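Trainee: The lines below spell out each chain.
2 protein chains.
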Amino acid sequence: MRRVRFSVAMSLDGYIAGPKGEYDWIVMDPDIDFGALFKDFDTVLMGRKSYEAARQQGSGGMLGMQAFVFSRTLRQRDCPDVTVSDTPEATVPELKVGDGKDIWLFGGGGLFRSLLDLGLVDTVEVAIIPVLLGSGVPLLPHPAARAKLRLTGHRVYEKTGTTALEYVVV
Amino acid sequence: MRRVRFSVAMSLDGYIAGPKGEYDWIVMDPDIDFGALFKDFDTVLMGRKSYEAARQQGSGGMLGMQAFVFSRTLRQRDCPDVTVSDTPEATVPELKVGDGKDIWLFGGGGLFRSLLDLGLVDTVEVAIIPVLLGSGVPLLPHPAARAKLRLTGHRVYEKTGTTALEYVVV
Numbered sequence: 001m002r003r004v005r006f007s008v009a010m011s012l013d014g015y016i017a018g019p020k021g022e023y024d025w026i027v028m029d030p031d032i033d034f035g036a037l038f039k040d041f042d043t044v045l046m047g048r049k050s051y052e053a054a055r056q057q058g059s060g061g062m063l064g065m066q067a068f069v070f071s072r073t074l075r076q077r078d079c080p081d082v083t084v085s086d087t088p089e090a091t092v093p094e095l096k097v098g099d100g101k102d103i104w105l106f107g108g109g110g111l112f113r114s115l116l117d118l119g120l121v122d123t124v125e126v127a128i129i130p131v132l133l134g135s136g137v138p139l140l141p142h143p144a145a146r147a148k149l150r151l152t153g154h155r156v157y158e159k160t161g162t163t164a165l166e167y168v169v170v
Numbered sequence: 001m002r003r004v005r006f007s008v009a010m011s012l013d014g015y016i017a018g019p020k021g022e023y024d025w026i027v028m029d030p031d032i033d034f035g036a037l038f039k040d041f042d043t044v045l046m047g048r049k050s051y052e053a054a055r056q057q058g059s060g061g062m063l064g065m066q067a068f069v070f071s072r073t074l075r076q077r078d079c080p081d082v083t084v085s086d087t088p089e090a091t092v093p094e095l096k097v098g099d100g101k102d103i104w105l106f107g108g109g110g111l112f113r114s115l116l117d118l119g120l121v122d123t124v125e126v127a128i129i130p131v132l133l134g135s136g137v138p139l140l141p142h143p144a145a146r147a148k149l150r151l152t153g154h155r156v157y158e159k160t161g162t163t164a165l166e167y168v169v170v
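Residue numbers (our numbering), protein chains in the order written: chain A, 1 to 170; chain B, 1 to 170.
Bound conformation, chain A alone:
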């Protein structure tokens, strides 16, 4: 079964983007091997806002991954580079039992909350950046149901003080 992995950078106070969507606080530690991370995935899941932000930034081809965008308003014919779905509860289980590598749940906490509620998230992997943002886009928008985690991995990147923590959703 393919795993759905929510992998994001987070401030210590639990934000994944600033109040205006800023990412300027994310320090890229030279020792983080993004190439190795990306190789685990061939599919990416995102919400409408993350998709529109990615498209504006021109991240064409979504890193060469097959991309699924969950939205009730986007139309498939306007988004030829991705698959649009408004039924994550059907699309994601289908993907999980299909062939392929792991599935990257990218960006937006809203989609994370929906998929967590549906029991469709396997791991939560956060890189904690040494900053307090004070406001922004939360990792998990409230209110959300409580979810137990189990720590399965950790690494501290000394150059920037970034702490990577990996959890399985129990």
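If you are wondering where the hints come from, they were derived from the structure by calculation, not from laboratory data.
There is no bait here: all hints are sound.
Here are the computed distance ranges between Cβ atoms for each label pair:
id: 1; chain 1: A; residue 1: R146; chain 2: B; residue 2: V170; range: 30 to 38 Å
id: 2; chain 1: A; residue 1: R77; chain 2: B; residue 2: R72; range: 55 to 63 Å
id: 3; chain 1: A; residue 1: G153; chain 2: B; residue 2: Q76; range: 49 to 57 Å
Straight-line distance between alpha carbons at most 25 Å, and here's what the computed BS3-like set of lysine-lysine pairs gives:
id: 4; chain 1: B; residue 1: K159; chain 2: A; residue 2: K148
id: 5; chain 1: B; residue 1: K148; chain 2: A; residue 2: K20
id: 6; chain 1: B; residue 1: K96; chain 2: B; residue 2: K49
id: 7; chain 1: B; residue 1: K20; chain 2: B; residue 2: K49
id: 8; chain 1: A; residue 1: K96; chain 2: A; residue 2: K148
id: 9; chain 1: A; residue 1: K148; chain 2: B; residue 2: K20
id: 10; chain 1: B; residue 1: K148; chain 2: A; residue 2: K159
If you only want the chain B side, here are some residues facing chain A, beta carbon under 7 Å, derived:
id: 11; residue: P130
id: 12; residue: L140
id: 13; residue: P143
Every value quoted in this text rests on a predicted model; they were computed, and no experiment measured them.
Using N, Cα and C, we set each Cβ at its ideal position, and we do this for glycine too.
Go by the hints and put chain B onto chain A.
Mentor: Structure of chain B alone, referenced to chain A:
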């Protein structure tokens, strides 16, 4: 100079208590040496809500520490066991230059935000519990100003998957 240290347990999504003030999600790892931690401190700072919660739970004497409660509504004569102040910007600097051990900033995110704004917090020390709460009392209530941190220590407690991270406020 005595340090003001904000030391708390936190859920991965950035809450220090549940929506009704619950602490039932905090797993006490048997390897955490609370005795050694408490020995660093002889003074505790808290807001009104944390004080009232502690008093209700009957934690008499505040662990034997000298306690300062910051509130505009509490009256000193109603709280004989603590010192009440409504001017943290005067009281805390005075404490810092006085004699004694480190000062524990305890509980409530509201007081943390005020003291952080005033540049009076030296360290942020969080024990990240492997749980997503989905709502509750935030580590740092928003909106708050951005604050840079520097990671100075870390330890993973394997039995419970609690991750202790220590930062200096830059």
